[in-house]
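Asker: Construct all of the structure, not just a fragment, from the sequences and the given hints.
No gaps in the numbering here: position 48 of the sequence shown is 47 in numbering that gives the first Met the number 0, and each next residue is one more.
These are computed hints drawn from the structure, not numbers from a lab.
Straight-line C-alpha distance at most 30 Å; calculated DSS-like pairs for lysine-lysine:
#1 LYS54 <-> LYS170
#2 LYS80 <-> LYS26
#3 LYS263 <-> LYS26
#4 LYS146 <-> LYS27
#5 LYS83 <-> LYS26
#6 LYS26 <-> LYS260
#7 LYS146 <-> LYS83
#8 LYS263 <-> LYS80
#9 LYS80 <-> LYS146
#10 LYS27 <-> LYS80
#11 LYS263 <-> LYS83
#12 LYS83 <-> LYS27
Label-pair ranges, simulated between beta-carbon atoms:
#13 ILE217 <-> LEU149: 28 to 34 Å
#14 LYS260 <-> ILE118: 31 to 37 Å
#15 GLN232 <-> PRO47: 20 to 26 Å
#16 ARG196 <-> ASP51: 35 to 41 Å
#17 ASN200 <-> ARG258: 28 to 34 Å
#18 ILE118 <-> GLN232: 22 to 28 Å
#19 LEU251 <-> LEU48: 31 to 37 Å
From the three backbone atoms N, C-alpha and C, an ideal C-beta is built for every residue, glycine too.
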Amino acid sequence: MNWPIILAFGAMIGWGVGDFLIQRTIKKIGELETLYWITLFSSVILTPLVLDDLKYLNIKQIFFLIVLGCINFASGFIHFKALKIGKLSVVETILSIELPLTIIFGLIFFQEILSPTQIILIILLFIGVILISINFEKIQKKDFLEKGALLALLSGVIIAIVNFYTAAQAKSISPLLAIWLPWLVCGLICFSHISRRRLSNFLEHSRQHGRLILAMVIIDLGAWLAYVYAVAQEKLTITIAITESYIVIALLLGVLANREKIKKIQYVGAALAVFSSLAISLISH
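Answerer: What follows is the structure in structure tokens.
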């Protein structure tokens, strides 16, 4: 039984459902509080599991993990901001841009090989992202881009860096530490901002939406754990290609559960992006 591939599919499902829950949580408590619960709270949960590994960390590794934590904060905040103002179906499809970028990082730094077919599919994915990002009925107006589209595009670039950086740390240090310390740093940054505001609001939000927050944290943390353990044993290009299919789940939840409406040409773009992502995952196996 190929456990890394099974874990990759688990991460795919977790990220799709997780982003759906994240968007709902953001609309209730805001992006900073949502990011805090996912990162700092998850780090606390993982602390007992990493105590033995901490003594093996050197200064250079700690530095790289802290830098990853800062990048995590940037990617998470921008991603969550895009989810707050944009449609789940649009934002998540645009985020599929992280797939070819992560694969390119794998090619450059891990000496992994990209076939001509993969190159063609990556180009098709880029075209799909462009089609879903633009509202062609407003092409002559200043607001022709879908809300959150530029933020989603920027987030996709940064998330690709996070995917690669996390994979590198999971392979060289340990899967758990690749999450624990960066998320701890990210969570502390979030809390430093939250503490400047009224903590009473934060505590009230926690009480009112505790079940939603808990479900979101469990699913998202589970997805990331599946990813780091998968990528620690399997090629980055294969793992990320499989997990990137989470956009299918997010797209369906956005249209069916959130009742989001997108144009026909955007459906074409979404279909093209989803097809390309799935095809890359299949031929990369």
